[in-house]
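Chains as they are written, first to last, in the working numbering: chain A, 387 to 593; chain B, 44 to 360.
Please keep in mind that the hints were generated in silico from the structure rather than gathered at the bench.
Keep in mind that the hints are not guaranteed to be accurate.
To be verified - If you anchor each label on the Cβ, the simulated ranges turn out as follows: (1) Val212(B) - Ser450(A): 49 to 55 angstroms; (2) Phe395(A) - Thr208(B): 52 to 58 angstroms; (3) Gly138(B) - Gln523(A): 25 to 31 angstroms; (4) Gly444(A) - Pro291(B): 49 to 55 angstroms.
The beta-carbon is built from N, C-alpha and C at its ideal position, and this holds for glycine as well.
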Amino acid sequence: MPSASNKYFDEPGSAPEHPRIRAWRSYKNNSSRVELEIRRRREGLSYLPTSMFVMFYGADGAISHHDETEWDLELDSWLVTEHVKATDEDNEKLRFSLRLKAAFRPIVIRFGDGFFNSVLIYLLRGGPFANHQALAQVLGEIHKYEAAGGSKIDCEELIDYEIKVVARELMGLYANRAVAEEILAGAIAQYLDDRFRITEGRLLGFR
Amino acid sequence: MIWGRVPPSPDEILEQRLRAEAERRDEPIEFVRDAVLRRGLDAARSDREARAVASDIVLVTATPTEHEQLEQAAEELGFSFEKIPRRYLDYYRLGLVGTNRVVAIRVSMGAFSPDGAAARCIQARAETQATTIILIGTAFGIAPEQQHIGDVIVSESVFLYDDRTVVDVDETKMSQVAGKYDVRYAPSARKSASRTWHDRFRRLGEQYIRDGVGEKVYVGVILSGGARIESAAFRDELLARLPSMDPPVVGGEMEGMGAVSAALATDPEDPGWVIVKGISDFADASSRSRIKDKRAGAARASAMAVLHVLQLPPRSE
Chain A
387 MPSASNKYFD EPGSAPEHPR IRAWRSYKNN SSRVELEIRR RREGLSYLPT SMFVMFYGAD
447 GAISHHDETE WDLELDSWLV TEHVKATDED NEKLRFSLRL KAAFRPIVIR FGDGFFNSVL
507 IYLLRGGPFA NHQALAQVLG EIHKYEAAGG SKIDCEELID YEIKVVAREL MGLYANRAVA
567 EEILAGAIAQ YLDDRFRITE GRLLGFR
Chain B
44 MIWGRVPPSP DEILEQRLRA EAERRDEPIE FVRDAVLRRG LDAARSDREA RAVASDIVLV
104 TATPTEHEQL EQAAEELGFS FEKIPRRYLD YYRLGLVGTN RVVAIRVSMG AFSPDGAAAR
164 CIQARAETQA TTIILIGTAF GIAPEQQHIG DVIVSESVFL YDDRTVVDVD ETKMSQVAGK
224 YDVRYAPSAR KSASRTWHDR FRRLGEQYIR DGVGEKVYVG VILSGGARIE SAAFRDELLA
284 RLPSMDPPVV GGEMEGMGAV SAALATDPED PGWVIVKGIS DFADASSRSR IKDKRAGAAR
344 ASAMAVLHVL QLPPRSE
């Protein structure tokens, strides 16, 4: 006869929610609109920590609550599921470049820098955004990549999957596919700029 | 296009822009044309030169012995070590090691001088577009009874021991504090290294044990600072005043703080650096007096460890 309760067999309860999300949910329930702004200020060659500002607007259009914290994937993911957009397209590109970075990190750990870099660039150069102006410009600045040895299939599949997840998230925020595509291409361009230090190289006079 | 009007050719557009620029500068158009051409050619040359040293990983050595041992190790394992002189520093191209394009550079000892690790690593990262910096060479161990000369230490994190506040101790509290002053470290003194890489060196350590290799691999906190330590008393005092850390401190060196600056210059969340050094001494007078004989072996152990890890297959295989 099975016991009524057994910690080894019982289904785990849902993970505890971030306390900030509890507060944000209650603010959101009493708001007519919520807006997100990502702030990442450059300081010389580096960036100051990335912050996220969340503004809750009341029915009269005035800000009823606002909150500021360091950018956090869990918090941002909650905002994505709640269909909260960033203030403008550029800010959305920055936000999704951070989401891409977090999504790609396990793939970099699994395959190593060199392999990941070569597969990513190979995929993007042959992908649907290869001719997107911002992305093409960054891809043009990245030194020529020979495809790394070994099977690329697993790595390609994981990268493609993560980009598709981001594309779906964007379609959840923007019904207009052209806007979603523009943001995704811009986010990838921003991610590449950060990863391969394109702007940093330019600031130091290397390109 | 307006009917009947021919759009300007690219040459005409360029001429218009040059004319406008000359007006803005109030200079003859020939001067402006010359300056633009010169700058364009400089940019093209810079780009061409940068592409010659394009890489995923930059290996950084400090002393001539470390550099020579890396060269020897590379040649023994069948990699090239082709010198590519560049405007600010010389690169040595090892080619494809595993799935990584690798170059090496040599910097001055320590992190402070203009050609020290901090400045050179920032330049190298920007020029090569590398996503990881690996500091190799020699370091001091901290536990002569467990560690041996030639063992390899790998940074799970680096602890910048100069990043501290030193304050006088209130006489009433002297019994609680060892000495007349107290040292306070900020939480920012400890910087995490790349998990991708120290995990791989853990795997190498396990492989060394399986294969019966004499050297051991210790992954832990590496102290980094500007002091060349040749005193057991100073070393022990330094260690005694550190906050407790997990994993524990495994050794110390002088260039790590520079690499940390270079990595943090772009992405504090994803530090693309790791320190991998062979133990050449124990920061005491006795072992430092024999360092000349030991440095080459320790540097070789570090170079070999790195070149082996770079060839390890990705985890998925």
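Could you check the structure against the hints above and give me the numbers of any it violates, in ascending order? none
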